[in-house]
Amino acid sequence: MWKYCLKKTAQVVIVMILISFFSFAIVYFAPGDISDMYVNPEMTEEQKANVIAQLGLDKSMTEQYFAWAERAVHGDLGVSLSNKSAVWPQFMQRLPATIILMGSSMILSLLLAIPLGLWSGYKKNSWLDNLISSLAYMGMSIPSFWFGMLLIIVFAAVLKVLPSSGMHTVGNVSAFDTFQHMILPCITLSIGHVAVYIRYIRANTIGQLSEEYVLTAEAKGDSQTKILFRHVLKNTLLPIITLMGMNLASLVCGSFIVESVFGWPGIGTFAMSAIGSRDYPVIMAYVMLSGFLLVVGNFIADLLYAFVDPRIKRGGASGGK
Amino acid sequence: MNNLLEMKHVAVNFAAYGGTVQAVRDISFSIEEGQTVALVGESGCGKSITAKTIMGLVKKPGKVMEGSQIIFEGTDIARYSSKEWRKFRGKECSMIFQDALVSLNPTMKIGKQIMESLDNHAVTTSKEEKKKKVIDMLKLTGIADAEKCLEKYPHELSGGMRQRIMIAIALISHPKLLIADEPTTSLDVTIQAQILAEMKALQKKLNMAILLITHDLGIVADVADKIVVMYAGKIVEEGTVREIFYHPVHPYTKALLNSVPRLDRDGKEMLCTIEGNIPDMTNPPKGCAFCERCPHAMNICAQYMPEEKTVSSSHRASCWMMDERAAKGGVAHA
Amino acid sequence: MENNIVITNDSFAKLEKKKTVEVSVERQSVWKDIWKELRKNKVAMVSVVLLAILIIAVLLAPLSPYDPYKLDASQKLQGISSSHWFGTDEYGRDYFTRTLYGGRVSLLVGFMSMIMTVIIGTSLGVFSGYVGGKVDMFLMSFTDIFLALPSMLLMVILNTFLKPGLPTLIVVLSLFSWASVARITRAETMSLKERDFVVATQNLGASNFRVIVKHIIPNILGPVIVAASLSVANAILMESSLSFLGLGVQIPRASWGSMLQGAQAHILDYPLLAVYPGVMILITVLSFNLLGDILRNALEPKIVE
Chain W
1 MWKYCLKKTA QVVIVMILIS FFSFAIVYFA PGDISDMYVN PEMTEEQKAN
51 VIAQLGLDKS MTEQYFAWAE RAVHGDLGVS LSNKSAVWPQ FMQRLPATII
101 LMGSSMILSL LLAIPLGLWS GYKKNSWLDN LISSLAYMGM SIPSFWFGML
151 LIIVFAAVLK VLPSSGMHTV GNVSAFDTFQ HMILPCITLS IGHVAVYIRY
201 IRANTIGQLS EEYVLTAEAK GDSQTKILFR HVLKNTLLPI ITLMGMNLAS
251 LVCGSFIVES VFGWPGIGTF AMSAIGSRDY PVIMAYVMLS GFLLVVGNFI
301 ADLLYAFVDP RIKRGGASGG K
Chain V
1001 MNNLLEMKHV AVNFAAYGGT VQAVRDISFS IEEGQTVALV GESGCGKSIT
1051 AKTIMGLVKK PGKVMEGSQI IFEGTDIARY SSKEWRKFRG KECSMIFQDA
1101 LVSLNPTMKI GKQIMESLDN HAVTTSKEEK KKKVIDMLKL TGIADAEKCL
1151 EKYPHELSGG MRQRIMIAIA LISHPKLLIA DEPTTSLDVT IQAQILAEMK
1201 ALQKKLNMAI LLITHDLGIV ADVADKIVVM YAGKIVEEGT VREIFYHPVH
1251 PYTKALLNSV PRLDRDGKEM LCTIEGNIPD MTNPPKGCAF CERCPHAMNI
1301 CAQYMPEEKT VSSSHRASCW MMDERAAKGG VAHA
Chain L
2001 MENNIVITND SFAKLEKKKT VEVSVERQSV WKDIWKELRK NKVAMVSVVL
2051 LAILIIAVLL APLSPYDPYK LDASQKLQGI SSSHWFGTDE YGRDYFTRTL
2101 YGGRVSLLVG FMSMIMTVII GTSLGVFSGY VGGKVDMFLM SFTDIFLALP
2151 SMLLMVILNT FLKPGLPTLI VVLSLFSWAS VARITRAETM SLKERDFVVA
2201 TQNLGASNFR VIVKHIIPNI LGPVIVAASL SVANAILMES SLSFLGLGVQ
2251 IPRASWGSML QGAQAHILDY PLLAVYPGVM ILITVLSFNL LGDILRNALE
2301 PKIVE
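Chains as they are written, first to last, in my numbering: chain W, 1 to 321; chain V, 1001 to 1334; chain L, 2001 to 2305.
Since the hints were derived computationally from the structure, they do not count as laboratory data. Among the hints, erroneous ones may be present.
In silico contact screen, one side only, chain W against chain V (beta carbon under 7 Å); selected entries [said to hold, decoys possible]:
#	residue
1	K7
2	K48
3	E212
4	Y213
5	T216
6	A219
7	K220
8	G221
9	S223
10	H231
11	N235
12	P310
Positions of the beta carbon are idealized from the N, C-alpha and C atoms, including for glycine.
Modelling step: build the complete structure from the supplied sequences, incorporating the hints.
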């Protein structure tokens, strides 16, 4: 199993380096001068020239890359072209909001999808299964931002029970207030994922129920509930870990959109305005940050899976005869 | 000897894409206490389904037809509710399957899987006592390192050991009947012999009957007392091992025996196979199902189902060749 | 048991066996299969019919008496009326007409990007699967990278660097969708490659090109068609998200997504503006998804009794 971990770690490192290349390329090839990232318009020509020489901005692309990478590792990702303050701290300030949104969405998705998917698969083709499957289908086909808008219409405009945007009401910093603001964005972000998870878990459940070991369990005299919860559950849910890893990309993209619809102050809205104003350093930082988030997330998922599935954990003496 | 199990007019149908498949058509046979009966036939003849019927494991789209009677120790278990079935399975009667690798839960430790069987049927005993019982059973099935084995997962063991685990799971509650569905087909020839011998030894120790399901007549000789030959959902011949091997009556039985590779045959002789395929079971022929492939087929074989005739008290067969009139028209039967 | 056995003189005579076996193989046409599947699933049937109506309506959009681009402030934000079936938007344009025109754009983008996705994905997949070896390994790693990317994000970023417009949009959409089609076609090609009829054809000296075109491609059409249907659904969803963010179809051109962007400003006072385009998207995407499933079930090789 340690071989597996090592291999995965190596993959992660390689991919992160690739991502940094790509992010660097964004600023390098962007229209405009890369030095704008680091110089103030108030500086004199001499000062600018000094900064440029210092930072190596007149050298070849590879040398620039390494210089940039070194600065990046130390937390210096340049300054935003729009407001001239450092990029990294601005991101860090907004990151918690996005993490809260993504995290709560993941939890909600699992809480809903696991019981619904299991039950759906167990009672295949019953009216309940058909209902759940149809809803899952709709969830997959609905544009999430539109669903968000619908929720705003129903709950904020018509029923007036929930706020329509932002993370806090002005002047209110209580957790409950944040929670209220979080409900609609979280549901919006989750709808697509819940649908996918339900379909996946349902298919897995059906698959596991037709496996031979279920027959053996019945031959032992196990009851149906016992089979479902003691045997099938674990085998059905194990692959979910990997699925969640694969869905992380979708989660990151989704939060980008949801933050826009609800004005949620996370890194998504920050990046959105940067895109609008062609603020390349910010865009670069966003790409890098999202990329790293993805890679690390998948890495954790893979490791987790290795720990939980005894077939990988223990390797095997196996081999048929 | 009393009859442990009596199958009477058992029929099983399956609703399928192209129609209703008559997988098992009105079969009757019995198993005595402590006896080993081999149910033999090629793939698709209905023997696995027969086994599942005894365990009540036939599920939609399969249906055990009205009029089927499965009498186990005097009770008709075909009428069992699901609760009664759960008490029955594993305790009165157990079943082991062909491929132990897929028949065991890959993510559950061996010890726990065996213990579950105990939990389903045992009188309340302490965890230590249960563990001891499991270890004793594993030792009985020939697993040396029983203690270590408890903590392992199925993929960490060899094929032979996995099959022994299956046997341990099946026998831990001392059932009166063990149904073994092709237990050695996926194993090496040498391991095959070992497992069969161990099963026989266990049978003696636990005074248990065995229903051995197989397509391979070769493994049956040493192990079985009685052989039941099935074809296309019907029993075509039944008899003791000697009777079947040395005095087979039904052409299908003879063909099966001929197709078993034998050591005493000249290596240059071609292996005999039975030409043709089993008939379409959604529309089974109204006469003898073997008619198409039978070298001795007569007109009446295609028209009417042959009646069952006794050859001796333990030997019976269903073939029109047994009729006195047949000797005149066609080839004399053995 | 039956006892009506009639014995005749030749009952026990040897049976003359017919050598010819009657095998009736009813060649079911693909359309029949599809129709059967549709009949089974009522919801799918309904949505496919709706889709057909929608496509026809969208194609007939030019018949509308209204100009989708003409601004008329005097008519703005009117509700439903007999002259304006969907009311008007914030610029006084007839919303129904705009919805239809928006449909033309959204569907066009969906189809065009599907075509590109399928062409790129199938070519790469079949090539990779057929050639195998190191080439396959390299190409598949390349494909996997694309599969793992946060597509939406990168589309957004790419769009900021490129000139906005329909062709750009279509290219960008396909750029991030071909990967899954490549995976599917590669898998199918690899399994087909080993099949006897392919090996036989190769042994007879057919060139690789011929083998691919005449034998492999016809047999992967099934999964490709399914993937195509799902690809349209996906493309329309993505396009609407991009346009909603202002990065896809540019105003004043209508697409369902860009209309929703405009509707967002009035979400609290004129919510209906947001409803119509969204419902259109939902119906269209749902229908294509369902169609994909139906086609998958219908085109699966079946045992014909």
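| task | Could you tell me which of the numbered hints above are not met by this structure, giving the numbers in increasing order? | result | Violated hints: 1 and 2; rest satisfied.
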